[in-house]
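Just so you know, the protein sequences line up as chains A and B, in that order. Numbering (our numbering) for the first sequence: 96 to 425. Numbering (our numbering) for the second sequence: 21 to 1156.
Wrong hints could be hidden among the right ones.
What the hints assert, rightly or not - Subject to a maximum C-alpha distance of 27 Å in a straight line, what follows is the list of computed BS3-like cross-link-like pairs (lysine-lysine):
id : chain 1 : residue 1 : chain 2 : residue 2
1  : A       : Lys326    : B       : Lys932
2  : B       : Lys159    : B       : Lys207
3  : A       : Lys326    : A       : Lys384
4  : B       : Lys406    : A       : Lys417
5  : B       : Lys1087   : B       : Lys1062
6  : B       : Lys938    : B       : Lys737
7  : A       : Lys136    : A       : Lys287
8  : B       : Lys517    : A       : Lys278
9  : B       : Lys515    : A       : Lys384
10 : B       : Lys517    : B       : Lys497
11 : B       : Lys345    : A       : Lys326
12 : A       : Lys326    : B       : Lys929
13 : A       : Lys278    : B       : Lys515
14 : B       : Lys932    : B       : Lys745
15 : B       : Lys131    : B       : Lys345
16 : A       : Lys236    : A       : Lys278
17 : A       : Lys384    : B       : Lys635
18 : B       : Lys473    : B       : Lys406
19 : A       : Lys136    : A       : Lys278
20 : B       : Lys517    : A       : Lys384
21 : B       : Lys743    : B       : Lys929
22 : A       : Lys236    : A       : Lys287
23 : A       : Lys278    : A       : Lys210
24 : A       : Lys210    : B       : Lys929
25 : B       : Lys788    : B       : Lys799
26 : A       : Lys304    : A       : Lys417
27 : B       : Lys788    : B       : Lys737
28 : A       : Lys304    : A       : Lys287
29 : A       : Lys287    : A       : Lys210
30 : B       : Lys345    : B       : Lys406
Hints in this document: simulated from the structure, not taken from any laboratory. Keep in mind the model is a prediction, meaning the values are calculated, not measured.
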Amino acid sequence: MKRTGPRLLTWLALVAALVPAVGGAPSPAERRAALIELAAKRPAPIAPIAAALGDENLVVRRTAARLLAGLGQPARAALVAALGNADFLVRRTALSAACEPLTPQCLPYLEQTLKDPEITVRLTAVNLLLALEPRDEAAHKLLDQARSDASAAVRDVAARALWPYHRDTVLLRDRKDWDHEVKVVQTIPLAKAGWRLHTDPLADGHLSKWFATELDDSQWLPIETEQAWEKQGQAYDGTAWYRTSFDRPAKPDLTAVEFHFDGVDECAWVWLNGVYVGQHDVGPDGWDKPFALDITQEARWGQPNQLTVRVYDSAYAGGIWKPVRIEVLK
Amino acid sequence: MTTSSVCRESVGPRPAESGGGATLVVARPGVARRVGAPAGRPQGSPLRRTACGAAAGLWTLALACAAAADDAPWRSLYAGADATGANVIGLWQFQPGQEGRDASGHGHDLKLRGEARYLAEGPLGGSLESFPAGTENDKPQGAAVPNDPSLSPAGAFTLELWLRGKPELEAAANVFLVDKKYYNYAKDIPEANWDYGLCLTQTGAGRKRLQAHLGYGTDSATYTSTDFAVAVGEWIHVAFTYDGAGIGRFYVNGQSAGKTVQAGRGAVTPGRYDLVLGDRYGSTHSGFPGYLAQVRLSNGIVPTFTGNLGVSAGAGRTAFYRLEKGAAVALTVSNDTGRALTGGSLRVEFGGAARTTPLPDLQPNQELPVPVPLDSALRPDSYPLKAAVSAHSEGREYRGEASFPVVIVPRPLPGRMPVVMWGGGDLPRLKELGFTHDLVWLQDYARIWAAGKPTESVDPGAVPERARMLNEYLANKMGAAVYVYPGSWVMGNEKLKAQFGRVDRAGNPRGTDNVCASFPEVQQFAYNVGASVAQTFGRFPALQASLIHSEVRDSSDLCFHPHDLEACRAATGQSVPAEVTGRYGVRYTSLPGFPTRQVVPDDHPLLRFYRWFWKDGDGWNPLHTQVHRGLKSTGRTDLWTFFDPAVRVPGVWGSGGGVDVISQWTYSYPDPLKIGQATDELFAMAGGRPGQQVMKMMQVIWYRSGTAPKLPEDESKRAAWEKEKPDAEFITIAPDHLREAFWCKLSRPIRGIMYHGWQSLVDTGSTKGYRFTNAQTQKVLAELTHTVIQPLGPTLLQVPDRRSDVGLLESFASQMFAGRGTSGWSQGWEADLHLVLQWAQLQPRILYDETIQRDGLAGFRVLVMPFCDVLTESVARQVADFQRRGGIVVADEYLTPAITPDIVLPSYKRTKQARDDKAALQALAAQLRSELDAFYTRYGESDNPDVVVRFRQYGNADYLFAVNDKRTFGDYVGHHGLVMEQGLPNQATITIRRPRGWAYDLVEHHAVPARSSGGALRIATTFGPGGGRLLLITPAPIAGVKLTVPARAQLGKSVAVGVAVVDDQGKPVAAVVPVRTDVLDPQGRPAEPSGFRTATDGRVSFTLDLARNDLPGRWTVRVTELASGKARSATIDIAR
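Throw the hints in and build the complete structure from the sequences for me.
If you want it as structure tokens, here you go:
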């Protein structure tokens, strides 16, 4: 960062003129007060405020960036230039201001700042990218790049943005068109043993179809449900996949079939026999919330079934830590 | 209380008074000879019926007659019809050779349990020795008879026995003498409500009370005796008679010892438990440490133990404030003679005066209340009250007497700061440690629920014991805080739980123990509980406070009853949003279309819902208000209610509902300064309810897991307590932590302090749970209460906080949309940043969204915003305006992009290495100072980051608190690396940016040098480990004390005393100054107005109300101001 360029000297001279003579150079507080005073003028002089983006004091620099952002279009050029400022907060403020309004024309700024050394700036950029509409191919490409970011926080945003699976489930009990009594005629608990686990720190296992029925998971780590993976030696926060297979008897007389998960810490996405059947995605608070998914169409009877559960855990214990069962409803 | 009742014809001895106290001393020469007499053969007289007795073998309620006579049947070994008569159910005499045999001949033979054994010694021969279970004999004790239907009396019955206590009985709160009931407390299950049990409960040093617990199938009732002396090693005889219709009477050594009437009761319900002598049927914690002899259970009332004419004050007040208006003892005259009495009178002697009151005719079984006004103007002391009742029937005179002490206590001085033991303790040690209150229980929820309206809050049989306790509290100048938790009780009742538990969206029970507090029935019950306690015990001034529920909101949850849904619609104008699945909000990352700048409208549907839910929707705050209303329903406006932990909820106003005080408990580890964060959160919460006060509780216990989790394998590296109590789960807080946390919380304008963990504070012999592992801690606490709280408390209660210009936002929007918030645990980054601010010599004030929305940010110069991912539009606007005005925003990397912070402090995640974590956070404090100080000048600071300063202010007087946080790893838990528990000495120079002032140490009571230069004062200070300083800075020097008293006065008159603490100009100093007043009579005894007061604006005045029984002569009034230590004395000549 250049702190003694001609614009800065101009800025300091201006401040010296604004600040009552107290002897010596104006203090940072005086310089900041002078900036605020300048920004309150109409029209506000852009150049001296922009010059303060190079002030030696970080608070003064950030004040300048904030004030410029508040001045709107006239200050846009100065803010775009500030995307290369040495102060990451100045850069972040500049990015937010430069992307106001958020249009495809902002993509160059986003592309630039997605390479910023500072996570905060990249996170702001990826969040802006997430909000950009329409999301054209260029934006899609940037998001795809962001999925490989060094920061898990950035990766998570990108991965979530690109996550293609969603299915709304309406359980039989909740169907407004179903006014018959619903009875559980059979409960089939899934064994807690016989599961396999694979961590997915880049959250891209779905691209490799880790939910596919035919996937060879024999090299995955054996694991049990009904207790967190940490308790089984996996000190890990992030995305991981569970897989298991189970046999079902001949098809009973039924109206509907449901998976019941008593607790997955903390989010879950579920495939049965390679078909996506739904999710439990309410954030960290979902860690102890039971949920159910309808699998009437996907369940196979009298033959093997393959179940895949993608789990995301942001902190503390994680995994399928409570029982899973199938309920047959009539 | 001593009571007795005899009929004139009897020749038995009368009760004798002992020193005006309440000791029952019965002359029993015959027994005296028998006690300790050689065992092995029956002693004393054979069975003799008195002249008043009924036909042999047919015991009926006969004429009252003397029972304590030398020849009373119970003084002898029962034989003949007394042993084997038709009415005898069982008789156990423990005679050598036939120790366990049922001498009644009914075959109810005993079998010993545990270490219990038969001895050949006893008042009449053999005896049964029993034990309380301990660590080495943790098994049932005593002796048991197998259950048999005949052991459950079908109507009236009599239970009698001899007992002799061992020294351990002194400390036993409650022991079972006989038990066939198992439960001696209310429990709503059939098996808790069968048969009978007789207990001996502690009432005071060397004093006990009998309690009979009778089961009636669906509930139980307690019958209580008056209390009486139980001397260790001395045999006494006790008896309980039950008339089969709700009247239970007690006799001690043949003398009437009170009765309880339970209207509408019948015979006990037969049960299934064995009959146990000397212990409880089940459990192993209430065995009788002593000896039993000649235990007899009989059908019907044994004539020896039939009624008399009595007078008592069983459930009334016996302790009064001096000059209390309407002071009166509520005596009850009981006609248990079985016949109508006429021509009666009651004579009462008290305080040197006597008064006789004629009585109306007394019907059989009549209870006649007789209020006896007291002269409460007597000087504070304990005075005997003697009551004698007499009446006639058919030419015979019946008489009864009672004598008990009545205590007049000094009126409380204004402004005593409460020091509450959150839990129970014993009064002597509580007082010694400086506690002013502890928790008590005064309610039987089942009974109040069944009544459906305010009623007597406990079983009538339990009222006298509670009354005695409350009298004792007042006599000891202690306050009782009743702990009421009606909402929690509902969920402890299986039937009610099913009906009133919370349900999910589908209507399924949540399966938690958190009641749906919004049920109208539960709300009404909450009011009824409060009102019942007030009606029953509100007349006792020792009942001074109430803890309303505790920890209930931790497990609160969404609920979807129709009334919940309707309330939501009514309050928010919407249904429960579909996205709502949990009580702690919805992550914005899971909300499609969430604003990129992470700023939401103030009326965002989710915010609207959650604001309502946490304020009113979960029902708890309104429920607390109901209990509060009930407790105040009898006009006890002085009784203060409190709720805790009040900030274990998101940051939205309303926690605790309408309670007077909110509190919060905090564990001091790893950094005791964190208590300041929790305290500041309480002030943020209370800010939403004008008038609500804040107290602060510190846990005396430490979780082992958080301080010293694993026992060092190398035994030589274990702390002393680890060697002694390796299995301790909870240990005692380190003394330096307690001291430092004390100073930290006291630097805030709190109204009282609390502690929890009695068994870790004092040695109670606890072997499980809370353990006593550090003997120094209680000494530190006692020192602080006696040298700080007691002398300075009244002053501190008058000193407001210094308004801070540094705010710390705990954003409700971020809590609901980003899962943020401390939930009152003082952990996590938000709490750590608060620590950083303290170490940076700032004085943060915690703000909620609502604070900013209501008050704006005017007056603040720095706003700190940890974890503020999401803001509401109004808060974001206020912050932007604040910055526009020049305010500095300090934030972390999570701040909403809508705000550009001026300074960024990256969040820090602890490593659990205490030294490293403190160093890292103090480094952040240093960084903050380096970036902030060019823009912000503190009012005061220390030059040592380990000395944290904080200011309170009254006018132009500063109250500077400085806390020493210099610590290292000690040898208590330090070897585990989790906590630096050992304080170190320290020193600092404190700068206060006021041009002039005079400094005084309020704890040590002397002036402190203060150097003035450059427009600031500088004070050099030193600190002990964990120590604090409290300095008063006044605008003018304190020059002396002026004292105004009259030269002469008369006993019985009032004397006005005026005090002024003056400056060098002779003017009262413009400050709140603590003063000590000593008013001494001619013998040097302190009189009522002695104690600690506050000179507000340098002045204080009070009245010396001389009692008619005060001493005439030369009195001395001495006043000492506790800032510089200057004193002034004057004398008053008091004439009769």
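Against the structure, the hints:
Annotation: proposed proximity of Lys326/A to Lys932/B holds, straight-line Cα distance about 20 Å (limit 27 Å). This hinted pair checks out: Lys159/B and Lys207/B have alpha carbons roughly 24 Å apart, not beyond 27 Å. Under the criterion of a C-alpha separation no larger than 27 Å, the hint pairing Lys326/A with Lys384/A is consistent with the structure, at around 20 Å. Annotation: proposed proximity of Lys406/B to Lys417/A is violated, straight-line Cα distance about 70 Å (limit 27 Å).
For the hint pairing Lys1087/B with Lys1062/B, the CA-to-CA distance comes to about 10 Å; that is within 27 Å, so the pair holds. In summary, the hint linking Lys938/B to Lys737/B is supported, as the alpha carbons are separated by about 24 Å, within the 27 Å threshold. For the suggested pair Lys136/A and Lys287/A, the alpha carbons sit about 70 Å apart, so the restraint of at most 27 Å is broken. With a C-alpha separation of about 25 Å, the suggested pair Lys517/B and Lys278/A falls inside the 27 Å cut-off, and the hint holds.
Restraint check for Lys515/B and Lys384/A: the C-alpha separation of about 26 Å stays at or below 27 Å, so the hint holds. A C-alpha spacing of about 40 Å is found between Lys517/B and Lys497/B, which places the hinted pair above 27 Å, so the restraint is violated. Our distance criterion of 27 Å between C-alpha atoms is broken by Lys345/B and Lys326/A, whose separation comes to about 67 Å. Simply put, Lys326/A and Lys929/B have alpha-carbon atoms about 22 Å apart, close enough for the 27 Å limit, and the pair holds.
A hinted pair counts as satisfied when its Cα atoms are at most 27 Å apart, and Lys278/A with Lys515/B qualifies at roughly 25 Å. Restraint check: the Cα-Cα separation between Lys932/B and Lys745/B comes to about 24 Å, which is no more than 27 Å; the hinted pair holds. Our distance criterion of 27 Å between C-alpha atoms is broken by Lys131/B and Lys345/B, whose separation comes to about 58 Å. For a cut-off of 27 Å, the pair hint linking Lys236/A to Lys278/A is broken: about 49 Å separates their Cα positions.
Of the pairs offered as hints, the one joining Lys384/A and Lys635/B holds, with about 23 Å between alpha carbons and a cut-off of 27 Å not exceeded. Between Lys473/B and Lys406/B the CA atoms are separated by roughly 38 Å; this puts the pair beyond 27 Å, and the hint is violated. Pair hint Lys136/A plus Lys278/A does not hold up; C-alpha atoms about 73 Å apart against a cutoff of 27 Å. Distance check on the hinted pair: Lys517/B and Lys384/A sit about 21 Å apart at the alpha-carbon level, within 27 Å; holds.
Taking the CA atoms of Lys743/B and Lys929/B, the gap is near 33 Å; set against the 27 Å cutoff, the hint is violated. Our distance criterion of 27 Å between C-alpha atoms is broken by Lys236/A and Lys287/A, whose separation comes to about 40 Å. Between the alpha carbons of Lys278/A and Lys210/A the distance comes to roughly 56 Å, so the proposed pair goes past 27 Å and is violated. As the CA atoms of Lys210/A and Lys929/B are separated by approximately 26 Å, the hinted pair is consistent with the 27 Å bound.
A threshold of 27 Å between alpha carbons decides the hint, and for Lys788/B with Lys799/B the separation of about 23 Å falls inside it, so the pair holds. The straight-line distance between the Cα atoms of Lys304/A and Lys417/A is roughly 26 Å, inside the 27 Å bound, and the hint therefore holds. Our distance criterion of 27 Å between C-alpha atoms is met by Lys788/B and Lys737/B, whose separation comes to about 24 Å. Straight-line distance between C-alpha atoms of Lys304/A and Lys287/A comes to about 24 Å, which keeps the hinted pair within the 27 Å bound.
Annotation: proposed proximity of Lys287/A to Lys210/A is violated, straight-line Cα distance about 44 Å (limit 27 Å). Taking the CA atoms of Lys345/B and Lys406/B, the gap is about 22 Å. The hint holds against a cut of 27 Å.
Consistency with the previously given hints fails for numbers 4, 7, 10, 11, 15, 16, 18, 19, 21, 22, 23, 29, ordered from lowest to highest.
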